[in-house]
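Q: One letter stands for each residue in the lines below.
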Amino acid sequence: MSDQILRVPAEERYADELAKLQQADAATGAALPPGWKLSPKAVRAFLIGDEKLGVTRKFYGDDPLVDRAIVTLLGRQGLMLVGEPGTAKSMLSELLAAAICGNSNLTVQGTAGTTEDHIRYSWNYALLLAEGPSERSLVPSPIYRAMQAGAIARFEEVTRAAPEIQDTLVSIMSEKQLMVPELGADARVSALPGFNIIATANLRDRGVNEMSAALKRRFNFETVHPIKDRAFEIELVSRQLDEGLGAERANVKIDRKVVELLVTAFRDLRSGTTAEGTAIKRPETVMSTAEAVNVALAAALESRYLGDGTLTATQVAHQFVGVALKDNAEDAKRLRFYVDTVVRERARSDRDWKVFQSAATALWG
Amino acid sequence: MPAENDREQRLFAAKRLRADLGKTGIYFAPIRHHSVACARAAQALIADVRPEAVLIEGDSTLDTLLPALMDPAAKPPLAVLVLRKADGETFSSLYPMADFSPEWVSLRAAVELGAQVAFIDQPWAERKADSQTRSLMNERYYAESQTLARLAVQEHCRDQDELWEHLFELRADTGWEEFFDEVFTWSALARLDYEPQVLEAEGSLARETVMTAHIQAWRNRVTGPIAVVTGAFHTLQLIEALSGHEPPAASPAPAELRRDKGPWLIRYDLTRLDAYSGYGAGIRSPGYYQRVWEASDASPTAACLVDIARAANAAETTDTISVAEVIEATLQAERLADLRGHPWPGRTDLLDACASCFSSGEQLPPAVRDAIAEVFGGAKLGELPPNTPTPPIVAEARAWAQRLRLDVSDSLRRHTVLDVRRSASARERARFLALMAFLNAGFAAKTAGPDYIAGRNLGRVREEWDYAWTPMVEAALIGLVADGATLREVAATRLRRAERELDGSPNRRSSNAVAQLIAQALLIGLGDEAGRLRDKIDAMVERDPELSSVVGASNYLLGLWRSADMLSIDSPQSLIGVVAKSCPQIAYLLEQASQVKEDAEPAAVTALLSAAELARQLADPFPDMADVIYSAIARLRDARKTSPGVLGAALAVAVPGTDPGISERVLAAFAPGGDPDHAVRMLAGLMQAAPDLILHVPEILDAIDAAVARLENEDFLLFLPELRRSFTFLKPFETAKVAERIAQRTGVAAEELAATLAISESDMRLGAAVEQALRASLAADALLEWCDA
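Top to bottom, those sequences are chains H and B. Taking the numbering used here, I'd label the letters of the first sequence as residues 1 to 365. Taking the numbering used here, I'd label the letters of the second sequence as residues 1 to 789.
Among the hints, a few may not be true.
[What the hints assert, rightly or not] Distance condition first, Cα-Cα at most 16 Å in a straight line; then the derived EDC-like pairs of lysine to aspartate or glutamate: (1) H:Lys216 to B:Asp159; (2) H:Lys333 to H:Glu284; (3) H:Lys228 to B:Asp159; (4) H:Lys41 to B:Asp319; (5) H:Lys216 to B:Asp319; (6) H:Lys41 to B:Glu155; (7) H:Lys228 to H:Glu260; (8) H:Lys52 to B:Glu155; (9) H:Lys41 to B:Asp159.
Hints listed in this document are in silico derivations from the structure and should not be mistaken for laboratory results. These figures come from a predicted structure and were not determined experimentally.
Start from the sequences, fold in the hints, and give me the full structure.
A: Listed below in C-alpha cells is the structure:
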C-alpha cells in the first residue's frame, strides 16, 4: 500500500526507527512527559540521528535549534518556526509531531481562504438540520482533535491566514480549551496533556499577513536558517538526489562535480556573494536547498529519459531556468549578469562551468 | 591506525606518571584560564593537600608583584602588564585575572594557608617574539584541535567553548581528583594533535623546559607537597619531562634580569575581559561567570534572566518582557539543561532560552541583544592596593607635556593659543595635544582652528586648545596599555585598527576614507603610518569606483600639501603624486557618472561640481593635472549619452580656454521640436551649477521665457515642479532681478508678478450662500452627517 502512494507521513516512513527509540526509552526507563510517546532525548535522537540505535539524521545544520524546539513544546508556549522558504520548516514540524505524538497529520494549512471553522470546528449540515447540534453533527478541526487526543497540531503557513483568523489561536493557546456553545452552555473541549501547536510562518514573502502581538506572545520563535556549510550542502543535495531517484539511481551517472556546480550557483545567487567573495546581483526568487534538490532531480531525470544517462551541466542549466526564472523580469537580467560575469570567468578554467555557460547562454541569449 | 595507538599509549602512560608524581607530593592542577570549575577544583586541591609551595604559570619575573597581588586590598579584575623592547619597539602584554581565575584563586588560597607562591613560566622578555600575541594566556590550541572539533560535533556542541562548558563547567561536584584527571585527558587530546615542530616553533617547548626546571628546583627546595597550577595544555609535557621520559630539561634559562621597567599591576574590568571586545586573553561572557562564581553553588539563571528583562525593558524600545515570560524562559533554560544532561542550566542553555522566549520574529530585538551583552559582559572594575606604581605610559605623557611647557602641575583647565604657522614649538605642542585627543585620554580638546579631518577652516593659522591633567586622564592612559606601551604605539595600533575596520567594511575601496586616515596620522605626528597609508592609497586610487570618493581624497591630499609646513610633513610631494594619479581616474569616472537616470542627476551634478572645484584648486600650482579634469568636463558637453542634467552643469562650469556657447545650447534645447523634458532637466543642471549665469547672460533667460510660453498647459504643469526647483538655486536678490527682467519683457510692473489671493466681501457672501444651499440639499436627503465628517 505505502509503496503506491506518493508520500507517506513521517510516522509511517520511519515507523521502525520510532519503535526502536520507544524500546530504548523503555529499556533506560527514561521519563516520558505527559502525553508524549517518546522522551525528549529520544525525540532529539529521531531528528538528529543516533548511530548506535541505527536512527538516521533527518534535520541538518542546527542541533541547538532542535533542542530549543523540543523544549519549547514541553512548556506552555507554542512553537513558531520562521525563516525563508525552503529551509525545511515544514519538515521539522512534521518530524517533531511524528516523534512526539506519532501523528503528523493534524494539520491546518493557512491560506487567504482559511476561516475560523478550519481552526475550531464546523458542522455536517445534513445532520445539523436533521438532528440539531450534537456531537455527531460536529466536524472537529485538526486542532480540536489534537486537543482531545493530547497531540501536536500543526499550523502551516500561519501568516497566510488573515490576522483575525490567526487570532482564533490566541484563546485556544492560553486557555487550552475550546468552548462549543452550540452543544450547551458548559460544552467545551479541554486539551489533554501533550497538546501543543507547531506553526510555520514566512515573515517576509509577498502576500503574507502580519501577526498580532497577542498571538506572537503565545509562541516561542525559532528561525530556521539556510545551510551555512558549502561542503555539507553538496553532501545533502547528493544524498537527497539519490533518495529522490530511488530505483532510477542505477540508470543515471552522476558526477559529483556537477552537483557541486549546482550548489555553488545556488549559494552564489542566494547570498548575493560568490564563493570568491564578490558581490553579485541577487535574484528575488527563492534559491533554497530544497529547490536545488528539485533542480538536481529534474536534471537527472532529463538525462535519464531525454539524454544519454549522464548528468551534465547542460541539463542543470536547462532546469535552472525553470526554478530561477519565475515571474520576475528583473531576475532574468540578474541571472544573465551572473552568467556573463561569474560563470564566464569560471568557464575559463573549468570544463563543467564552460558547459553550463554555453547551455545557459543558448537559453537566455 | 598505529598513530592513533601511539597517541593512546602516550596518554595512558602519562596518566600513570601523573599518579606517580602525586605520590611524590607534586600535584598538578591542569586548568583553563578563567574557568570557574577549574578555580573551584584548584581551591579544593589546595585545601586538601595543603601544599608547602604553590607554583603558578606566569612570567617568573612577576614575583616582584607578589606583595601587591597578595595585598588584601587588591580586588580583581586586575591585570599584570609586561613590557618588552625588541627591534627598537616596545611591546606590551597583559595577564588579566578575575575573581574566578584559577591562578588568582590558587594564589589567594596559598596566602591563606601560608604557603609559598612562585611564578614559574619563562619570562616574557625571553620568549619567541610574537608581536601579534598580546595575550599571555592564549588558548588557541583548543580552538584549532581536530580531535576536539570532532568531539564537539559528536556531543552536539557548536564549538570548543560550548564543549568545554558541557563537559566541565556543568557537572556535579566529583572531587578535584576526578575533575583534573578529565581536564588532563581533554587537554592531552588537543596537545597530541600538534607536531613537535609546531610547538617548538611557537615557543611552547621552551616555556615548558623552563617550567620543568623551576618545578625541579622547588622539589629540591621544599619537602612538603607542591601544587602546580598551569594551563592544561602544558601539563602532559611537564609530567613527561619530570618523569624523565622526555630528554632531560636543559638547565633553566639563567634568570638573567633583562627586565625593562615594570611589570606593573593595573586595574582591569570585566568588559575588557570579554573575548568579544577584542582585547585578547579573554573569555566569553565574563559577567555571567562572575555571577556563577559569586553564586557559589547555586546557578544564577533566574537572576540573569530577570536582569536581562529589566535592562531590555528599561530601553523602552521593545514590547515589555513580562514576569510570566521570564518564568517561562527560566523553565525553558532548565528543560534545555535537562535535555542536554546538564545538572543546572549553563551559559548556552541560558542564551538558548533567551533566543526562544524573548524574540518574536526572526531575530532577537536589539534591546534584548544589548541587555544580554550588558548582563553577560559585566562591568566590574578592579581595585589596587594604595601606592601601586603606575605604568610608564602615564609618566611618558606627563613628561612629554612638561617638556612642551604645558602646565600639568594641577588638575585645573587651561587654555592655550598656538600660532602653528610661525612657531615650530607651537606645532610640536599642537601635535601632542592632537595625539592626546585622538587617544581619548580626556586631556585636551580643540576649541578653534583648522580641522584637517573634517576639512574645515583650513585657512586658519592658529589653533586653540583647552587641556587639564586630571586623575581621569591617568586612568584613561592606563587603560590604553592594552594597545601598546607608548603613546605613539597606542595611536599606531588604533590607527591600524581603524584601517582594518575600513578594510572589512563596504567602504574598503574608498580612497577618501584612507585619505582621512592619512590626515589623522599626520595630525598626530605619525609620519611613518602616514607614509604607509600613502602607499596604500597610491595603489588603490585607480581602482576606486566612486567619483566623490576620489575627488574627496584628492581634496584631502591637496589640503594636506598646502598645510605641509603647519603639519611638519616630511615629503609633501609624495601626496601630490597621488593626486596626479587620481586625476585620470576622476576623468574616467566623470564620464561614467555622466550617464545617469533622472533621479540620480542632482547627485551626479554635485560630483561634477566638486571635480570642477578640485580642478580650479589645482589649476594654480599644477595646471597639467587640472587640464586632465577640465578636458573630461569639456568632453561631456559633446558626448551624446550625457544625461541632460549633467550636460547643463558641464556647460555651466567654467573650463579655461573653451566657450561652451551656453545661450545657443539653451536656445537649441528649448527650440520648437526639442524634447521639453530634456530641456527642463538641462536647465535644472545648469541652475544647480551656476545659478547666476541666468542673470549675466540675458539670452538664456530669453530662451527660457520663450520656451515656457510655448509649452502646452499640461506639459507646463508637468514640468512646473522641476522649473521651480531650478529657480530655488537663486539667492533672493537674484530672484528679484530675474523677476524684474521678466516683467520688462512682458511689460508689467515687477510687483504685479507676485501672486496674491485677494477675496472680496462679496466673494465671501457668495461662498456662504452656496454653503447654506448645499447643507439644505444634503439635509433633505438625510445626508447631513456627510458634512460634519
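Q: Now, for every hint given, state plainly whether the structure supports it.
A: Now the hints, each set against the structure:
1. H:Lys216 to B:Asp159: violated, 31 Å
2. H:Lys333 to H:Glu284: holds, 12 Å
3. H:Lys228 to B:Asp159: holds, 15 Å
4. H:Lys41 to B:Asp319: violated, 33 Å
5. H:Lys216 to B:Asp319: Holds, at about 11 Å.
6. H:Lys41 to B:Glu155: holds, 13 Å
7. H:Lys228 to H:Glu260: Roughly 15 Å between the alpha carbons, so the hint for Lys228 of chain H and Glu260 of chain H holds.
8. H:Lys52 to B:Glu155: holds, 14 Å
9. H:Lys41 to B:Asp159: Violated, at roughly 21 Å.
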